[in-house]
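Residue numbers for the sequence shown, in numbering that gives the first Met the number 0: 0 to 341.
Worth flagging that the hints you see were computed from the coordinates, not collected in a lab.
Even glycine gets a Cβ: it sits at the ideal position worked out from N, Cα and C.
Warning: the hint list may mix true and false statements.
As the list claims (entries may be wrong) - Using C-beta positions, here's what the derived DEER-type ranges look like:
1) Glu55 to Asp209: 31 to 37 Å
2) Thr127 to Pro230: 47 to 53 Å
3) Thr142 to Ser39: 22 to 28 Å
4) Asp75 to Lys108: 46 to 52 Å
5) Leu242 to Arg338: 53 to 59 Å
6) Asp278 to Asp209: 49 to 55 Å
7) Thr174 to Ala91: 27 to 33 Å
8) Glu141 to Gly105: 34 to 40 Å
Unchecked claim - Once the Cα atoms are required to be at most 16 Å apart in a straight line, the calculated EDC-like pairs of lysine to aspartate or glutamate come out as:
9) Lys339 to Asp206
10) Lys277 to Asp206
11) Lys331 to Asp158
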Amino acid sequence: MPQIYTRTGDKGTTGLFGASRVPKQDVAVEAYGTVDEANSSIGEAKALATDEQTREQLHAIQRRLFVLGAELASDDKGRAMLIDKITDDDIAGLETLIDSCLAVTGPQKGFIIPGRDLLSAALHRARTVTRRAERRVLTMSETREVRPEVVKYLNRLSDTLYALARLAEHRHDLTEIKKIVRESVAKALEADQLVAETPTGEGFGLDHYDLDVLKQMAEAVESKAHQMGLPVVFAGVDDGGNLMLLHRMAGSLLVSLNTAVNKAYTAAAFQQPTADLKDPSSPTGDIPGIQNFEDGRVVVFGGGLPIFVDGRLAGGIGVSGGTPDEDSIMVKHALSAVRKAR
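I would like the entire structure built from these sequences, with the hints used as guidance.
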């Protein structure tokens, strides 16, 4: 049976790869020990992750940290024998992962307070431990040779863990939004109404929904807006909330650009008109403060409608530029105009 205890460290020294021994409080031991601590923290986050992709990403990082730690735990003789080392490709891989996270969450607009959910909290903790590991390695580099790639990898790793934490928070928010909406709808409607109305998208259905349909809607909105004397913005998103079309009239406000998109996004995300969220989001409503979800993307006043095709969500449309009531009139006109044309 392999032994866990060897008694060789009882005098306060430990062996490096290469056979030399150093005090346990040596800067190298402190450096690779903190890297080991970071690896354990990442393992804790991996254990909390429920999706396989995140687990695989974190596991791959852990394997590379073992390689990095081995280099720090080697003397000159040991480093010469190492075959696998951290390279620029490893750093580039982390940067690619960061970019993929930002493509979903977007840039950060404010400070993050860790603790929104268990996974993101664990990732934030791993991030701070990794930052500390980087500092310990920099201290080590003042008296020992440390390759630049090692420092760069740790620096980029802390950024990666931050990006993954934000992605976890984003996914948590989406889950909470769906949960809250289901509960709110269940309270507001009888069970038979919920079954009859929600799956069919009653009132907001089309036979198909694509870019050509959205262009027709945009033309209808612009025509109606001219009649009402309002320069507006029209937006359409797909069932994932991704922008498909953005139509801006001359003279419309800059703020209407984001608002129209967010109305379309909210209508698709909640599968109901944005106007219907006004009362539930009030301080005394069933879902108070929901407008603060998703970094403020949730809109709780009129101007957004969901679109269904064959009873399934196809996307959402939004109009911004007038009052909530005026925007509601125009977005309903867009849907009505397309139906009449078919």
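Status of each hint after checking the structure:
no.: 1; hint: Glu55 to Asp209: 31 to 37 Å; result: holds (35 Å)
no.: 2; hint: Thr127 to Pro230: 47 to 53 Å; result: holds (48 Å)
no.: 3; hint: Thr142 to Ser39: 22 to 28 Å; result: holds (26 Å)
no.: 4; hint: Asp75 to Lys108: 46 to 52 Å; result: holds (48 Å)
no.: 5; hint: Leu242 to Arg338: 53 to 59 Å; result: violated (23 Å)
no.: 6; hint: Asp278 to Asp209: 49 to 55 Å; result: violated (33 Å)
no.: 7; hint: Thr174 to Ala91: 27 to 33 Å; result: holds (32 Å)
no.: 8; hint: Glu141 to Gly105: 34 to 40 Å; result: holds (39 Å)
no.: 9; hint: Lys339 to Asp206; result: holds (12 Å)
no.: 10; hint: Lys277 to Asp206; result: violated (29 Å)
no.: 11; hint: Lys331 to Asp158; result: violated (44 Å)
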